[in-house]
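Student: Spelled out from the first residue to the last, the chains are:
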Amino acid sequence: MLQYTIRRLFSIIPVMLIVSVIVFLIVHLTPGNPAYLILGEDGSPEAIAQLEEQLGLDKSMAIQFVDWIKNILVGDLGQSIYSSEPVIQVIMERVGPTFSLMITAMSLTLIIAIPTAVFIVWRRNTILDPLFTSASLLGASIPEFWFAMLLVLGLGVAVPIFPVAGYVPIDVGLGDWIYHLILPAFVLASVEIGLIARMLRDGMLESVNQDYTKTARAKGVRESVVLMKHVLSNALIPTTTVIGVMIAGLLGGTVIIETIFTIPGIGQLLIDSIHRRDYPVIQGVVLFIAVVYVFVNLLIDLLYAFLDPRIRYD
Amino acid sequence: MLEVKNLKTQIDTSEGIVQAVDGVSFTVRAGETLGIVGESGSGKSVLANSIMQLNPNPPTFYPEGEILFEGSNLLKLSEKQLRKIRGNEIGMIFQDPMSSLNPVFKVGAQLVEAILTHQKMSRKNAKARAIELLKDVGIPDAESRMDDYPHHFSGGMRQRVLIAIALAGNPKLLIADEPTTALDVTIQAQILELMKGIQEKYGTAIILISHDLGVISQMAEKVLVMYSGRIVEKGSVNDIFYRTSMPYTWSLLRSLPRLDGVAHERLISIEGQPPNLVSPPKGCNFHPRCPFATEKCLEIDPELMPRKEGHWVACILTEQEFEAEKERLESADREGVL
Amino acid sequence: MFKKKRNLISASLLLLFTVATITASWWLPVLPSEMDSAKRLIGPSADHWFGTDHFGRDILAQTVVAARVSLVVGLSVALISTVLGTITGLIAGYYKRADFVIMRIIDGMLAFPSLLLALALVAALGGSVSNIIIALSFSFWPVMTRIVRSAVLQINSIQYVEAAKTSGIGDLVILFRYVLPNVLSPIIVQGTFIFAKAILAEAALSFLGVGVEPSTPTWGNMLQEAQIYISIAPWFSIFPGIAIVITVLTLNILGDGLRDSFDPHAKGKVNRKKGRLKKQINVA
Chain W
938 MLQYTIRRLF
948 SIIPVMLIVS
958 VIVFLIVHLT
968 PGNPAYLILG
978 EDGSPEAIAQ
988 LEEQLGLDKS
998 MAIQFVDWIK
1008 NILVGDLGQS
1018 IYSSEPVIQV
1028 IMERVGPTFS
1038 LMITAMSLTL
1048 IIAIPTAVFI
1058 VWRRNTILDP
1068 LFTSASLLGA
1078 SIPEFWFAML
1088 LVLGLGVAVP
1098 IFPVAGYVPI
1108 DVGLGDWIYH
1118 LILPAFVLAS
1128 VEIGLIARML
1138 RDGMLESVNQ
1148 DYTKTARAKG
1158 VRESVVLMKH
1168 VLSNALIPTT
1178 TVIGVMIAGL
1188 LGGTVIIETI
1198 FTIPGIGQLL
1208 IDSIHRRDYP
1218 VIQGVVLFIA
1228 VVYVFVNLLI
1238 DLLYAFLDPR
1248 IRYD
Chain X
16 MLEVKNLKTQ
26 IDTSEGIVQA
36 VDGVSFTVRA
46 GETLGIVGES
56 GSGKSVLANS
66 IMQLNPNPPT
76 FYPEGEILFE
86 GSNLLKLSEK
96 QLRKIRGNEI
106 GMIFQDPMSS
116 LNPVFKVGAQ
126 LVEAILTHQK
136 MSRKNAKARA
146 IELLKDVGIP
156 DAESRMDDYP
166 HHFSGGMRQR
176 VLIAIALAGN
186 PKLLIADEPT
196 TALDVTIQAQ
206 ILELMKGIQE
216 KYGTAIILIS
226 HDLGVISQMA
236 EKVLVMYSGR
246 IVEKGSVNDI
256 FYRTSMPYTW
266 SLLRSLPRLD
276 GVAHERLISI
286 EGQPPNLVSP
296 PKGCNFHPRC
306 PFATEKCLEI
316 DPELMPRKEG
326 HWVACILTEQ
336 EFEAEKERLE
346 SADREGVL
Chain C
1092 MFKKKRNLIS
1102 ASLLLLFTVA
1112 TITASWWLPV
1122 LPSEMDSAKR
1132 LIGPSADHWF
1142 GTDHFGRDIL
1152 AQTVVAARVS
1162 LVVGLSVALI
1172 STVLGTITGL
1182 IAGYYKRADF
1192 VIMRIIDGML
1202 AFPSLLLALA
1212 LVAALGGSVS
1222 NIIIALSFSF
1232 WPVMTRIVRS
1242 AVLQINSIQY
1252 VEAAKTSGIG
1262 DLVILFRYVL
1272 PNVLSPIIVQ
1282 GTFIFAKAIL
1292 AEAALSFLGV
1302 GVEPSTPTWG
1312 NMLQEAQIYI
1322 SIAPWFSIFP
1332 GIAIVITVLT
1342 LNILGDGLRD
1352 SFDPHAKGKV
1362 NRKKGRLKKQ
1372 INVA
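These protein sequences, in sequence, are chains W, X and C. Residues in the first sequence are numbered from 938 upward in steps of one, following our numbering. Residues in the second sequence are numbered from 16 upward in steps of one, following our numbering. Residues in the third sequence are numbered from 1092 upward in steps of one, following our numbering.
It is possible that part of the hints are untrue.
Where chain X lies over chain W, by a calculated footprint (3+ residues, C-beta under 8 Å) [unchecked claim]:
1. 1152-1164
2. 1167-1179
3. 1242-1248
As a list, the in silico DSSO-like pairs of lysine-lysine whose alpha-carbon atoms are at most 27 Å apart [said to hold, decoys possible]:
4. W:Lys-1166 to X:Lys-142
5. X:Lys-139 to X:Lys-297
6. W:Lys-1166 to X:Lys-135
7. X:Lys-99 to X:Lys-187
8. X:Lys-216 to X:Lys-150
9. X:Lys-135 to X:Lys-150
10. X:Lys-99 to W:Lys-1166
11. X:Lys-216 to X:Lys-142
12. X:Lys-139 to X:Lys-121
13. X:Lys-187 to X:Lys-211
14. W:Lys-1166 to X:Lys-211
15. X:Lys-135 to X:Lys-187
16. W:Lys-1166 to X:Lys-341
17. X:Lys-150 to X:Lys-211
18. X:Lys-297 to X:Lys-341
19. X:Lys-142 to X:Lys-99
20. X:Lys-23 to X:Lys-121
21. W:Lys-1166 to X:Lys-23
So these bits of chain W aren't anywhere near chain X, every CB distance computed over 12 Å [to be verified]:
22. Gln-940
23. Val-1109
24. Asp-1148
Treat the hints as calculated values from the structure; they're not laboratory data. Built from N, CA and C at the ideal position, the CB exists for glycine as well.
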């Protein structure tokens, strides 16, 4: 396990290197002069030259890259062109709403997906199973922004139960915080619920007729315990890796959801910055999300290894 | 103790309904060992799983017959009543010890689960009992091995654990479905020895299912020979191994490597495949492969009839007809060698 | 039997959508760009089945024409990422040394949620149909590479490939004649799913205002404009969304069906339990 952990930790290095190259290239893929694009036609030559210097565009690519890596290693992501604040500060101000949204959506996903999968497998010989399979296929075909619009129409406009916009920080009030998060988190979770429940169902069906479940049944263990304990425990282990997929989906979806529900998180920051051509912030947000994702995946892999005794004791 | 009457087990497959067990009757008395032998696909495993209804349901159904265990019909019991029998009155061990233990739980926990399912006792006492059981089935260092996972055990050791699990409720009957097939020959002998010891110690009745005639002859007192879901011969070990008058049993025995000096050039195997159970052949199910087959066999589907006291055979040949034909085939075998 | 029919139906539906949108100008009663200021935001009626938008344009006509961009983007992304991913996947699966380098790059790219990678690329390149295609192809390429590579690794150890290697046949011949045909089925299945995902992603990017130019009718652009009118003209939001769902669902059903018919032991197959049981009976 220790050896595995160390190996896994080292594997992050090349990944982070590629990530930083891609993020670095965002500015340089832009056709034409980014400084000119940012300032627009009325930018004076002096202003353009000054911005070029600020962005480091006057140096060679290699030097720019080395400088950039040096800076991000000490946590310096540059300065926002729009607000002149350090990028890292701009991001940190926006992290709260995004993480609140993610955590609520994740909890919703797991709370709904796991019992659904167990129930479907328990009733696997009924019409329920093909119905569920079709429903999960349909769920994967609905754009989440459109689903959000429908929910806003239904629950926000027609039958106003939930607020359809805004965010209340948790320190203002736990109730208000969750009340504003429910609808966006549900939309965000909806796509993932189908996905995770489907994968869990597949995993459980794989193990439901395994020999060890027969041993358990032959012991006289009741069917519900066979499913909840023996089958689910085996199906959940590979599902931990699915959680990585889920978090990627949530991180991508949060950009859309925050925009629709006007939640001031990093997703909205990203979209705003793209419209403002605020390259340092774009780079910062993309890098930030990638780093979070890489570390979440690391934790998941270690959790997987810990949960599976066949790996834990090797 | 156990009486199976005219049991039929059907499996609804995508190709049609399979008669996996077709009108099987037999009895097991307390403390005795019944062997069930047959090729792959003869329905012996489905039969073994049918007793405690461990076949996946659906697609498996039990449309006819009775399974009387100490007077009550297991097929009529509710799921809850059946659970009181499973693991408590009847224990079962399976073919593949590698996959029959849950890989993510400790061996001790799986054994404790078996104990606590039927007996009310503290977890501590259940652990003590589990250690006792592991010692009973010959696992060295039982106490420390409780906390190991299945993948730390060898195949033979896992089968011992599974036997311990099956014994957890002090069952009156132990069903062993090919318990040694997946094991090395030396380990096989040890496991069989262990099962014999258990039987002597606790007076447990055993139903032993195997395709291996050697294993059956070593362990069983009574033997059922199964072919395409039916019993084609039943009798004492001696009836089956020395006094058979059933062409299928004879073919099985002939395919054994012989140690009595009459060496064959090559191993003789039974030609052909077991029949398709969705649409079985007309007449006797075995006739397409039977060296004794006559034209009558295409029409008559023989029933299991008593020949002598306790010896039943399903074949239209009389004993004399069988002996004459057998003599001819065996001399042909010998000539083949010389 | 049922599966084959399902694949056939979904494939013909797709063909129908494609033909319908290409020939739209011949059969549509109104031009999609025809504005009528007197008929702004009018609900579904006999004249305008899907209602009209804020410029008085017919939403049915708009929705039909908008399918062009979605289908072009989806198909191009599916083709480009499939071809690129197949090439890199074949190389990675076949050559040990290249594998290390390629997989490190793939791992790095998979560190971005795919929508985010597309967003970042579009932010850099600027929004246009061709840039969206480039950005999405690039973000779906790593997944395809992974799938092809693992399929190749399975094939590699199979005897006839080993035999071909030892007999001195050139690598290219082995790759294209022996390996590729055997990994085609996961490639086709994944390609179908990418088609579906690319349509969803294009719609999302356009909806966010960073996709195709707002002047081009696409489902995402329509929904972006419809958003403000959602409470007074819900039909404006509903119909383009339904168009997306139907198209993507058709593709997903096709992908699912193809997976089942290529691989009889695929997960989640309807008939899987029975199939397995039959096997058990044979060995019992």
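Student: Taking the shortest Cβ-to-Cβ distance between Gln-940 of chain W and chain X, state whether it exceeds 12 Å.
Tutor: Since the minimum Cβ distance to chain X is about 18 Å, Gln-940 of chain W lies beyond 12 Å and the statement holds.
Student: Three or more residues of the segment 1167-1179 of chain W near chain X by CB distance under 8 Å?
Tutor: Coverage by chain X holds here, the residue count being 4 at a Cβ distance below 8 Å.
Student: Quickly compare the C-alpha distance for Lys-23 of chain X and Lys-121 of chain X to 27 Å and report which way the hint goes.
Tutor: violated (38 Å)
Student: Under the criterion that the straight-line Cα-Cα distance not exceed 27 Å, is the pair Lys-139 of chain X, Lys-297 of chain X satisfied?
Tutor: This hinted pair is violated, its Cα atoms lying about 60 Å apart.
Student: Beyond 12 Å on every Cβ pair: is that true for Asp-1148 of chain W relative to chain X?
Tutor: The assertion about Asp-1148 of chain W is violated, with a minimum of 4 Å to chain X.
Student: Can the restraint linking Lys-187 of chain X and Lys-211 of chain X be considered satisfied, given a maximum Cα separation of 27 Å?
Tutor: holds (14 Å)
Student: Can you tell me if the segment 1152-1164 of chain W counts as covered by chain X, using C-beta to C-beta distances under 8 Å and a minimum of three residues?
Tutor: holds (count 9)
Student: Does Lys-1166 of chain W sit within 27 Å of Lys-99 of chain X, going by the straight-line distance between their CA atoms?
Tutor: holds (19 Å)
Student: Next pair to validate is Lys-150 of chain X with Lys-211 of chain X; report whether the Cα-Cα distance is within 27 Å.
Tutor: The given pair, whose Cα atoms are some 16 Å apart, holds under the 27 Å limit.
Student: If you draw a straight line from the CA of Lys-135 of chain X to the CA of Lys-187 of chain X, is it 27 Å or shorter?
Tutor: holds (19 Å)
Student: When you check the alpha-carbon spacing of Lys-216 of chain X and Lys-150 of chain X, does it fall within 27 Å?
Tutor: holds (14 Å)
Student: Please verify whether Lys-1166 of chain W and Lys-142 of chain X have alpha carbons no more than 27 Å apart.
Tutor: holds (19 Å)
Figure legend: structure checked against the earlier numbered hints; hints not met, in rising order: 5, 14, 16, 20, 21, 24.
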